[in-house]
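Asks: One-letter residues, chain by chain:
Protein chains: 2
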Amino acid sequence: MKLDKSDFSEWYNTITKEAELCDLRYGIKGFVVFMPWAVMTMNRMYTLMEKEVEDKGHVPALFPALIPEHYLMKESDHVEGFVPEVFWVTKAGVNELEEKYAMRPTSETAMYSMYALWVHGLKDLPLKIYQRCQVWRHETKATKPFIRSREFYWIEAHNCFATRKDALKQVREDMEMTEEVIHKQYCIPFLFFKRPQWDKFAGAENTYAADTLMPDGRALQLPSTHMLGQNFSKAFDIKYKDENGEDQYVWQTCYGPAISRIYAALIATHGDDKGLVLPFDLAPVQIVMVPIYRDETKATVLKECKKLGKKLSKLYTVKLDDSDNTPGFKFNQWEMKGVPLRIELGPRDIEEGTVMLVRRDTGEKLKVKPADLKKKIKEAAKAIRANLKQNADKWFADKLSFTENIDDLGNKIDMHGFVRVPFCSDKVEAKACADIIKEKYHANVRGALFGSTDKPHGKCIACEKDATIYLYVARQY
Amino acid sequence: MKLDKSDFSEWYNTITKEAELCDLRYGIKGFVVFMPWAVMTMNRMYTLMEKEVEDKGHVPALFPALIPEHYLMKESDHVEGFVPEVFWVTKAGVNELEEKYAMRPTSETAMYSMYALWVHGLKDLPLKIYQRCQVWRHETKATKPFIRSREFYWIEAHNCFATRKDALKQVREDMEMTEEVIHKQYCIPFLFFKRPQWDKFAGAENTYAADTLMPDGRALQLPSTHMLGQNFSKAFDIKYKDENGEDQYVWQTCYGPAISRIYAALIATHGDDKGLVLPFDLAPVQIVMVPIYRDETKATVLKECKKLGKKLSKLYTVKLDDSDNTPGFKFNQWEMKGVPLRIELGPRDIEEGTVMLVRRDTGEKLKVKPADLKKKIKEAAKAIRANLKQNADKWFADKLSFTENIDDLGNKIDMHGFVRVPFCSDKVEAKACADIIKEKYHANVRGALFGSTDKPHGKCIACEKDATIYLYVARQY
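For the protein sequence lines, the chains are A and B, in the order given. For the first sequence, the positions run 393 to 869 when the numbering used here is used. For the second sequence, the positions run 393 to 869 when the numbering used here is used.
Here chain A stands alone, though its shape is the one from the complex (with noise of 0.2 Å):
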């Protein structure tokens, strides 16, 4: 299977295929089936996505999968924004329903019905909660696995504050819990930008989220995280008694990462020409073992590679490939699928008193004795993880460009990918200028960075009136 990552549609299609990560076939459009090694990633994902989020103070709840039609309708905007695409329940066995049920395509309205139950007074907020679950979109775009299908799989927390200032701090935090997770953790770069007013969430003051970039030079969202202000608790009738006894209204965050997703990031920033390449602490295996033999040495090979193994299962997720197959078949199917160290062994390795320890990443091939081999594995696994942070930011800060010519920016934009432009204003009266842009070179406003203070000057890049706001654009799934 010859793969080439500088024909990245191909070979993202390839590489979904050919390590096994989903099928396509199932008989729904824009459903995909996710397959065990996929998932397997997904899952500890979602560990070190949860963990960071529950020590930030969230807890988990679990809201029902529909809504009640009355429920969706309470925020205009959001009907306006989610409505059209809303997979609908209206039979139950042969039955109609009286009420028509949404497959929650997020879950607002399902949650803040109960908010407004659950809040009275100062000593319930703040309120944070999550859930773990899947959402449904009837997406019109054309769908691709795991970047954009009509079925996704997320965490959604849910925040109630009593001040706009403690909603705010929240945002801040979603941040810092996208630093340490998605860029700490999972080793993916991405920049943080506040929305232009015509592209937030359906019922948002704003919207906050971190861009990541494909290896196509493609903007991809990661978590977005909305302050909501008080247009839902409005809405819902999430109220607290203050200090003085009066109702205030609660002031509210969600913080979206759709974990299936940012699985696509994590193909498509680490993989390479032979398969994928996974952080250590992601890697359904982490160590996989290919004994080396002949007829005669194969009995003692497998004896000491089963040994070994044995003792690595107790610190790691080991799989000993003990297949027919040749061992060059086997160290190409394991770079494949990404497994990040490999170690090999043979009848000289055991005559010698070693075994050879292989690096996914770069290729390092390393001698080890027996005894060193858990200290080598740890710092192996510490190296990968450095390594494909630094790989992935360096190209990433490549990707960052700037110009103030209209004319230039098409170049720009296919040179790099996220390009700063001067802009007369992230309002939505300046929708106009980025249709502009849009229009001349099929490309997207991403928003403001979000914390910078640089001083814009010269005239907006689409419509020459003074400029007041940086604002970056990218070409976007």
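One or more of the hints may lead you astray.
Identical copies look the same in the list; a pair holds intra-copy or inter-copy alike.
Unchecked claim - As a list, the in silico BS3-like pairs of lysine-lysine whose alpha-carbon atoms are at most 30 Å apart:
#1 K706 to K767
#2 K394 to K722
#3 K722 to K448
#4 K515 to K722
For the record, the hints were derived by calculation from the structure and aren't laboratory data.
Got chain A; can you put chain B on it based on the hints?
Replies: For chain B alone, kept in the frame of chain A given last:
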């Protein structure tokens, strides 16, 4: 809040509310919001069950929640059993769908449509895949939180084998997994039955199931295992080439531990008149620290508590309750929530260099020196598990009775729970006898004890034909 477990139904309703396990006020009948305290325990239950299922060679996958109608219709018994309970998606956005989609009531038809594409030869077998997911059934019976609702959370494992013998071996392995996790780790006792032919899963050759007993003497089904034979493999065309190159249909089993329902059994089995009692490994908070102070000692006591809590947090989930409530209020609250261990710490304890360690299950109090605390906690955790299991087993052993006289059966059911009776057969033609019992005592035949070799004697308790088998009768949820 006064609880009285001898009135089980009332006790159960009160405890699910007072311990904040669920909220029944969601806007769709039979759909319940699972609140954090319940979900945190259910997540721990999932972790233990998934570990066991994976240790037994299953790998995780994720199949779509929606099943196209033509998949669902492929196996005729299955259609008859499930279609009356299906929630149907008929619309996406404003458009009617060409084919309607079922929200999975169970995933045989979703998974086996793919298995037909995945299984080719002996090298693909056994195929052992599970998914962690939720399912939806429009139950017509009365719903009760966790016990029966229209949406529930489970694991479903679906396996393919080359031979009938391998499939039957899996039935036994499923029973062993149930014993290992549900009995040994959750401390819930059960009997493992082979269901009579008139009460098997829609599409199965045979159904096996673990039944526990609720405090009111009614049976609750925990995991079931279905020996599907070749019914589905023929309907879905799941074949492999055998050694002679000839096509053979696979043999199939499936296993379905409903975690949300087993959680109901956990509440019911261990709870008492003070509230929940949770096994140490399943408790969202394992140790609650209650500081005892007056105004003038508050600072010292809290400082000491925090110091100790920080240490213990490295090993256990610890909560320091530093709210303004009185110690007595805190004791009651955390007892209601079932926290296994309480540490009380006041000025006198600090002076004496001890803390008070209190067990939730027995109320036993132990003065412990800080240096011994870790050891004592470890011992207590182990003792709690042993005690919960022993109490539950002892109670359960007394719930098993037998009779050969139908006039005596009602009393026996009332006094115990499970009653063993001689029966003419467990084949479909004996359903009339089961109906007699159902009519007379509102009780059901649960099946034959799996693996029992007791030879029946005498006459069928209902029809007076010669008995061929012992079956067990109980009222049921």
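Asks: As a check of your reading, is K394 near K722 (CA-CA no more than 30 Å) within one copy, between copies, both or neither?
Replies: Within one copy, since 16 Å is at most 30 Å while 65 Å is not.
Asks: Up to 30 Å between alpha-carbons, please classify K706 paired with K767: within, between, both or neither.
Replies: Result: close both inside a copy and across copies, 14 Å intra and 24 Å inter.
Asks: At 30 Å max between alpha carbons, let me know whether K722 reaches K448 within a copy, between copies, both or neither.
Replies: between (42 Å within a copy, 24 Å between copies)
Asks: How would you classify K515 and K722 at a CA-CA limit of 30 Å: within, between, both, or neither?
Replies: This pair counts as between: shortest inter-copy Cα distance 16 Å, intra-copy 59 Å.
When held up to the earlier numbered hints, the structure conflicts with none and fits them all.
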